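Colleague: Spelled out from the first residue to the last, the chains are:
Protein chains: 2
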Amino acid sequence: MSEARGSEKKAPMREVLAQAAFRLFLERGFERTTVDDIVALAGVGRRSFFRYFPSKEDAVFPDHERCLAETTEFLAAVDDSDPVGAVCDAARIVLRMYAANPEFSVQRYRLTREVPGLRTYELSVVRRYEQTLAGHLRGRFGEGRDGELRAEVIAASVVAAHNNGLRLWLRSGGAGDPEAAVDHALALVREVWGRPAVPTPATPFPVSGGGDGKGEVIVMVARKGTPMWRVVQQIEAAVGEN
Amino acid sequence: MSEARGSEKKAPMREVLAQAAFRLFLERGFERTTVDDIVALAGVGRRSFFRYFPSKEDAVFPDHERCLAETTEFLAAVDDSDPVGAVCDAARIVLRMYAANPEFSVQRYRLTREVPGLRTYELSVVRRYEQTLAGHLRGRFGEGRDGELRAEVIAASVVAAHNNGLRLWLRSGGAGDPEAAVDHALALVREVWGRPAVPTPATPFPVSGGGDGKGEVIVMVARKGTPMWRVVQQIEAAVGEN
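From first to last, the protein sequence lines stand for chains A and B.
Letter by letter, the first sequence follows residues 1 to 242 of UniProt numbering.
Letter by letter, the second sequence follows residues 1 to 242 of UniProt numbering.
For the record, the hints were derived by calculation from the structure and aren't laboratory data.
A couple of the hints might just be wrong.
Since the list gives no way to pick one copy over another, a pair counts as held whenever it fits inside one copy or between any two copies.
The calculated lysine to any residue pairs, modelled on SDA-like cross-linking and capped at a C-alpha distance of 20 Å, are [said to hold, decoys possible]:
{"no.": "1", "residue 1": "LYS56", "residue 2": "THR120"}
{"no.": "2", "residue 1": "LYS56", "residue 2": "TYR121"}
{"no.": "3", "residue 1": "LYS56", "residue 2": "VAL44"}
{"no.": "4", "residue 1": "LYS56", "residue 2": "GLY139"}
{"no.": "5", "residue 1": "LYS56", "residue 2": "GLY117"}
{"no.": "6", "residue 1": "LYS56", "residue 2": "ASP177"}
{"no.": "7", "residue 1": "LYS56", "residue 2": "ALA77"}
{"no.": "8", "residue 1": "LYS56", "residue 2": "LEU24"}
{"no.": "9", "residue 1": "LYS56", "residue 2": "ARG96"}
Remember, predicted model here, so these are calculated numbers, not experimental data.
Just chain A, with the same shape it has in the complex (with noise of 0.2 Å):
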């Protein structure tokens, strides 16, 4: 009982202090606000401040750490029947965290393209998330060389993608609804990674999507103007095959 209203204190304690030196941050700029501008601000010790967050620059993401246990959590319980649709599911919990604060999430971003300290700092967060997310693929696809080369590049292209569409409606001022256009963008790396592939036999083009030969679907690859007999061909190759 007294552990749980401990933590329900922690909060509000974190939040005033992340509060505080985002005020500070946009008012004289990152680089001019010191530790003790904010603990002198939010009334706190300089210790209270250290306690809650490593570093000035985490001040202003307070919500990563929380969002990557999140992340992991969720990829640690979910089932193994899309792993590429989990990663994106994963990679949606991010963008959760943003829209649910458009003014706060605006502001950021603004305030992190103007100070490049943010902007590695802010590169180091995301490559957490990707690692996550490869880590989660690499378990699913194993850890071949080939498991962990298609693990790490779908990691990626689903951060690319959910970043693609989180930019877009930061730049519009967090205006409408992200998820939109996140589910646009991740859509697109689901469409061409997110079905294994068989390869059929002698077709014209080799197939995509590295088949491990347990896919269920077909993938054909033709240039234009293929004779249609030929095509056929391949197919009932394929088809018949398994």
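We have chain A; now place chain B onto it with these hints.
Modeller: Okay, now just chain B, sitting in the frame of chain A:
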């Protein structure tokens, strides 16, 4: 003539500084080495260091600026026939920079893994390569919303694939030729993104590739067990369409 000799002189001094810096970083650790230590070992004044490197971190990656410039130049001159292939080739320029000096590259890789500040610095360099590749693709795909999205996702894929192959080589201690691993990794990206696809109407699944209607290949995706007549009907519709 004198100008050419001037720039010939510059290169060695830069290298002398970078080598002195790197030797001290390995011996004493990155954090414990000061710029004063570096210039003392190199036998030059403090201002010389900052003439060549904006920061201590930059001395660990002395070739990236040149390599970024080379990559940008290459992409500006490349023809338009195969944008995804072109950015893959641009990534190979970066690889060759690492491969030109295996011992240095491997030592730096180990150092970078140990020093958080260097990892962050490296992330920002990687991001600049990614933006260079994305900028090229954006120019080819058009500035529209989906052109930008595809450009960013493909650039991220290429960088992730390149880094996967490069990392394999670095982890192996720089043995052998890293080109094979990187070629293998980039082939996966090209396979998936390299060919613009024309969506066929009414296929059982949407078609991969985000086609713009100008591609020269057809991609057909069908679930295994789809009746042949249905598959043929759909391909005929697609082939006949143009």
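Colleague: Within a copy, between copies, both or neither: where do LYS56 and TYR121 come within 20 Å Cα-Cα?
Modeller: both (11 Å within a copy, 18 Å between copies)
Colleague: Could you figure out if LYS56 and ASP177 sit no more than 20 Å apart (CA to CA) within one copy, between two copies, both or neither?
Modeller: Classified as neither: same-chain Cα gap 30 Å, cross-chain 43 Å, threshold 20 Å.
Colleague: Checking LYS56 and THR120: alpha-carbon separation at most 20 Å within a copy, between copies, both or neither?
Modeller: The answer is both: 13 Å in one copy and 16 Å across copies each meet 20 Å.
Colleague: How would you classify LYS56 and LEU24 at a CA-CA limit of 20 Å: within, between, both, or neither?
Modeller: The answer is within: 11 Å in one copy meets 20 Å, while 30 Å across copies does not.
Colleague: Between LYS56 and VAL44, at a C-alpha cutoff of 20 Å, which is it: within one copy, between copies, both, or neither?
Modeller: Classified as within: same-chain Cα gap 15 Å, cross-chain 35 Å, threshold 20 Å.
Colleague: Within a copy, between copies, both or neither: where do LYS56 and ARG96 come within 20 Å Cα-Cα?
Modeller: This pair counts as neither: shortest intra-copy Cα distance 24 Å, inter-copy 38 Å.
Colleague: Is it within, between, both, or neither for LYS56 and ALA77, if the alpha carbons may be no more than 20 Å apart?
Modeller: Neither: 33 Å inside a copy, 43 Å across copies.
Colleague: Checking LYS56 and GLY117: alpha-carbon separation at most 20 Å within a copy, between copies, both or neither?
Modeller: For LYS56 and GLY117, the Cα distance is within 20 Å both inside one copy (10 Å) and across copies (15 Å).
Colleague: Should LYS56 paired with GLY139 be assigned to within, between, both, or neither, using CA atoms and 20 Å as the limit?
Modeller: neither (35 Å within a copy, 38 Å between copies)
Violated hints for the displayed structure, listed by number in ascending order: 4, 6, 7 and 9.
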